[in-house]
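**Q** Given only the sequences and the hints, what does the whole structure look like? Please build it.
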Amino acid sequence: MIDFHLTKALHTAAGPRKLDVRLTLAPGELLAISGPSGAGKTTLLRLLAGLSRPDSGFLQVDGQEWYSHERKHWLPPQRRPLGFVFQDYALFPNMTVRENLAFAAAGQPNPRQLEAGLLSLLELTELAERRPVALSGGQQQRVALARALARRPRLLLLDEPLAALDGPSRQRLQQALADIHREFNLTTLLISHDPAEIARLAHRVVELDLGRVRRVGAPEPPAGALVQGRVEAVLPGGLLRVRLAGSTALVEVPAPVGSTPVPGDELALMLAVVSVPQLAC
Numbered sequence: 001m002i003d004f005h006l007t008k009a010l011h012t013a014a015g016p017r018k019l020d021v022r023l024t025l026a027p028g029e030l031l032a033i034s035g036p037s038g039a040g041k042t043t044l045l046r047l048l049a050g051l052s053r054p055d056s057g058f059l060q061v062d063g064q065e066w067y068s069h070e071r072k073h074w075l076p077p078q079r080r081p082l083g084f085v086f087q088d089y090a091l092f093p094n095m096t097v098r099e100n101l102a103f104a105a106a107g108q109p110n111p112r113q114l115e116a117g118l119l120s121l122l123e124l125t126e127l128a129e130r131r132p133v134a135l136s137g138g139q140q141q142r143v144a145l146a147r148a149l150a151r152r153p154r155l156l157l158l159d160e161p162l163a164a165l166d167g168p169s170r171q172r173l174q175q176a177l178a179d180i181h182r183e184f185n186l187t188t189l190l191i192s193h194d195p196a197e198i199a200r201l202a203h204r205v206v207e208l209d210l211g212r213v214r215r216v217g218a219p220e221p222p223a224g225a226l227v228q229g230r231v232e233a234v235l236p237g238g239l240l241r242v243r244l245a246g247s248t249a250l251v252e253v254p255a256p257v258g259s260t261p262v263p264g265d266e267l268a269l270m271l272a273v274v275s276v277p278q279l280a281c
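With the first letter of the sequence shown counted as 1, position 88 gets the number 88 in this note's numbering; the numbers rise by one all the way through.
Misleading hints may appear alongside valid ones.
[Claimed, not checked] Derived lysine to any residue pairs resembling SDA-like cross-links, with alpha carbons at most 25 angstroms apart:
{"#": "1", "residue 1": "18", "residue 2": "164"}
{"#": "2", "residue 1": "72", "residue 2": "58"}
{"#": "3", "residue 1": "18", "residue 2": "57"}
{"#": "4", "residue 1": "18", "residue 2": "70"}
{"#": "5", "residue 1": "18", "residue 2": "112"}
{"#": "6", "residue 1": "72", "residue 2": "133"}
{"#": "7", "residue 1": "72", "residue 2": "10"}
{"#": "8", "residue 1": "72", "residue 2": "138"}
{"#": "9", "residue 1": "18", "residue 2": "73"}
{"#": "10", "residue 1": "72", "residue 2": "109"}
{"#": "11", "residue 1": "72", "residue 2": "62"}
{"#": "12", "residue 1": "72", "residue 2": "9"}
Think of the hints as simulated: they come from the structure by calculation, not from any bench.
**A** As structure tokens, then:
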């Protein structure tokens, strides 16, 4: 279980703010954090990781005290058993994939076995001798996840790890995150602005605004999503068969009023989400 109450002065474009967050996470819970820019989301993860010092409060992880303002105790970041995946991946550019993992796994029991298992789990075995510059964004993100797991963390922090990826890569990494969560049962905090991603992955979502918790509860499926598609066929009754961009899915939709699309035309569609099945975690 993770229990914390942390405060920190924020300096935002809108002026000074105070981050003040009190939360408890169950073992193995995946908690999503959403909110506007400047709400304090990344600052909260940095406080948990020990990369920034809180102004007051406490932090306990599985009964171990990581921080206590009252007792003047602060566990340094290098002694906190956690994994942190940053938005920009933060891989060592002069190291291969294998060397990035080996650096993180140093000091762990059976490091070679750990590296091989993570390379296999995240489908990186064939890329093990490449440097980050030779990898795609999705591949770099898988390396960042593997490196975070190489520390055998008790807490996994994910700062918008999929934000820069295209649709297909994003979907594959969402499934990878679900597989990782199921395999390791890690307590995880995920920053995301994508309602569909949150609905698929998270047990609960916390909405932050101006440094305060505005809502805690179950994820809500998005009301709709704007997607691109290509007309595959014109059907009887004024219907179109459309292939959604970045996927193999085909949908049948009414033709736009006042137009006569032909196969090959591009369309923008607003799809209503009736239900979002949660990926197995």
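**Q** Determine for every hint whether it applies to the structure shown.
**A** Checked hints:
1. Distance check on the hinted pair: residue 18 and residue 164 sit about 29 angstroms apart at the alpha-carbon level, beyond 25 angstroms; violated.
2. Of the pairs offered as hints, the one joining residue 72 and residue 58 holds, with about 10 angstroms between alpha carbons and a cut-off of 25 angstroms not exceeded.
3. Annotation: proposed proximity of residue 18 to residue 57 holds, straight-line Cα distance about 13 angstroms (limit 25 angstroms).
4. With a CA separation close to 19 angstroms, the supplied pair residue 18 and residue 70 stays within the 25 angstroms bound.
5. Restraint check: the Cα-Cα separation between residue 18 and residue 112 comes to about 44 angstroms, which exceeds 25 angstroms; the hinted pair is violated.
6. Restraint check for residue 72 and residue 133: the C-alpha separation of about 43 angstroms exceeds 25 angstroms, so the hint is violated.
7. Between residue 72 and residue 10, the direct Cα distance comes to roughly 21 angstroms. Compliance with the 25 angstroms bound is thereby established for this hinted pair.
8. Pair hint residue 72 plus residue 138 does not hold up; C-alpha atoms about 41 angstroms apart against a cutoff of 25 angstroms.
9. A distance of roughly 22 angstroms separates the Cα atoms of residue 18 and residue 73; the hinted pair therefore holds under the 25 angstroms criterion.
10. Restraint check for residue 72 and residue 109: the C-alpha separation of about 32 angstroms exceeds 25 angstroms, so the hint is violated.
11. A threshold of 25 angstroms between alpha carbons decides the hint, and for residue 72 with residue 62 the separation of about 19 angstroms falls inside it, so the pair holds.
12. Between residue 72 and residue 9 the CA atoms are separated by roughly 18 angstroms; this keeps the pair inside 25 angstroms, and the hint holds.
Comparing the model with each earlier hint shows violations of hints 1, 5, 6, 8, 10; every other hint is respected.
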